[in-house]
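Sequences listed follow chains A and B, in order.
Heads up, the first sequence stops at 241 in the numbering used here, and the numbers go up one at a time, no gaps.
Heads up, the second sequence stops at 1311 in the numbering used here, and the numbers go up one at a time, no gaps.
Read the hints as simulated data drawn from the structure, not as lab findings.
Yeah, the Cβ is synthetic: ideal placement off N, Cα and C, and Gly gets one too.
Among the clues, some could well be false.
Covered stretches of chain A, going by a simulated chain B footprint (3 or more residues, C-beta under 8 Å) [claimed, not checked]: (1) 124-134; (2) 183-193; (3) 228-235.
With a cut-off of at most 25 Å between alpha-carbon atoms, the simulated SDA-like pairs for lysine to any residue come out as follows [unchecked claim]: (4) B:K1144 - A:H231; (5) B:K1144 - B:A1190; (6) A:K113 - A:G220; (7) B:K1144 - B:S1164; (8) B:K1144 - A:K113; (9) B:K1144 - A:V219.
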Amino acid sequence: MVQTHSGRLQRLCQLLLADGQEAEEVVQEVFVKAFEAERRHGPPADWGPWLTRIAVNTCRDRRRAGWWRRFRRWSERIEEMPIADGGPTPEDAAISDETRRRVWLAFRALPDRQREVFVLRHLEGWSGPEIAAALGLSVGSVKRHLFRAIHRLRETLGGTP
Amino acid sequence: MSRCLPDKSLTQVQAGLGSEAEHAHVQSCPGCAQRLRALARDLAVISRVLATTAEPATRTVRTARRWLPAAVGASALAVAALLWIEVAVWRAMTFVPPTMQPEEVSAILSEVSAALFSVRGYVSAKAEADELVPTLESEEDAESDCDGPDWLVTPGCGPAALTPTATSEWGWAEE
């Protein structure tokens, strides 16, 4: 279970938290909760959605606890550093640096709720009712958050009509 | 549905959340179908960037702006506190004399006049009247003959008639 889902959960938490180290801690916390739940209630029918739901809720708790860090980050200017890694992957090469930078900046500028809904729908492939159940929202709210997130992200590509 | 779908409905259709009527309209309307393809293309790029590329590394630069709202707020509070203190202290220090009735004013003026114009320590009977005209005569003076034009040569009216009590009253040295 850990090997199957750790990479996906790590990616999900990093998208929601924007902090790699904190994402690793959340992933560990999610698996600890999973083992405790399995010991108490037995394994769920499908680990994937269950782990994702726990990860999303844990990320939200982390964001609420780190309000001071977010306040400091609000007044700080962000400058992009040149990438010093080994080289671009094939996927990176297919997308221009400018597009990549603009998409990431727009994604980080999204409100937390819109970011969660967008990630669960378009990266995790969840349906609207599943997202609503996981986040405690109505299906109408999910639609509304999804539309606003897509509208703001498309503006960075200049694709809005 | 003859009118084209708004962006919100098109987004829901692309996400699989649209209604049956909206799905049917997209299949029959070339304009909406083209817009739906553009939307799907943009979403594919965005999803690929987020799922497969590394987030650009960022460097945070601290600015003084985060202190600006706090400084402005603290300054405003300090100014408001100083104004309040000044107004409160001013009101406490400002003496407002009580208003007096006309009768009280008349009584006080009568007493003052009587004290000012009394002779040899005796208050003239006229000073106790309602009139505010000061009197220059005491009872003793009213009964003497020193008011006439020859008062200097009248016995008992000249300078020799000045009694020690009068001088002592006014503090003159006795001769």
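Hints, one by one, checked against the model:
Judged by the Cβ-Cβ criterion of 8 Å, the region 124-134 of chain A is not covered by chain B as claimed, because only 0 of its residues qualify and three are needed. A stretch counts as covered by a chain when three or more of its residues have a beta carbon under 8 Å from one of that chain; for the region 183-193 of chain A and chain B the count is 3, and the coverage holds. Evaluation of the coverage hint for the region 228-235 of chain A: fulfilled, as 4 residues show C-beta separations to chain B shorter than 8 Å, against a requirement of three. Only pairs whose Cα atoms come within 25 Å are accepted, and K1144 of chain B paired with H231 of chain A is accepted, the gap being roughly 9 Å.
The suggested pairing of K1144 of chain B with A1190 of chain B is violated, with an alpha-carbon distance near 30 Å, which exceeds 25 Å. The hinted pair formed by K113 of chain A and G220 of chain A fails the criterion: a straight-line CA distance of about 30 Å is larger than 25 Å. The hinted pair formed by K1144 of chain B and S1164 of chain B meets the criterion: a straight-line CA distance of about 18 Å does not exceed 25 Å. Pair hint K1144 of chain B plus K113 of chain A does not hold up; C-alpha atoms about 38 Å apart against a cutoff of 25 Å.
This hinted pair checks out: K1144 of chain B and V219 of chain A have alpha carbons roughly 14 Å apart, not beyond 25 Å.
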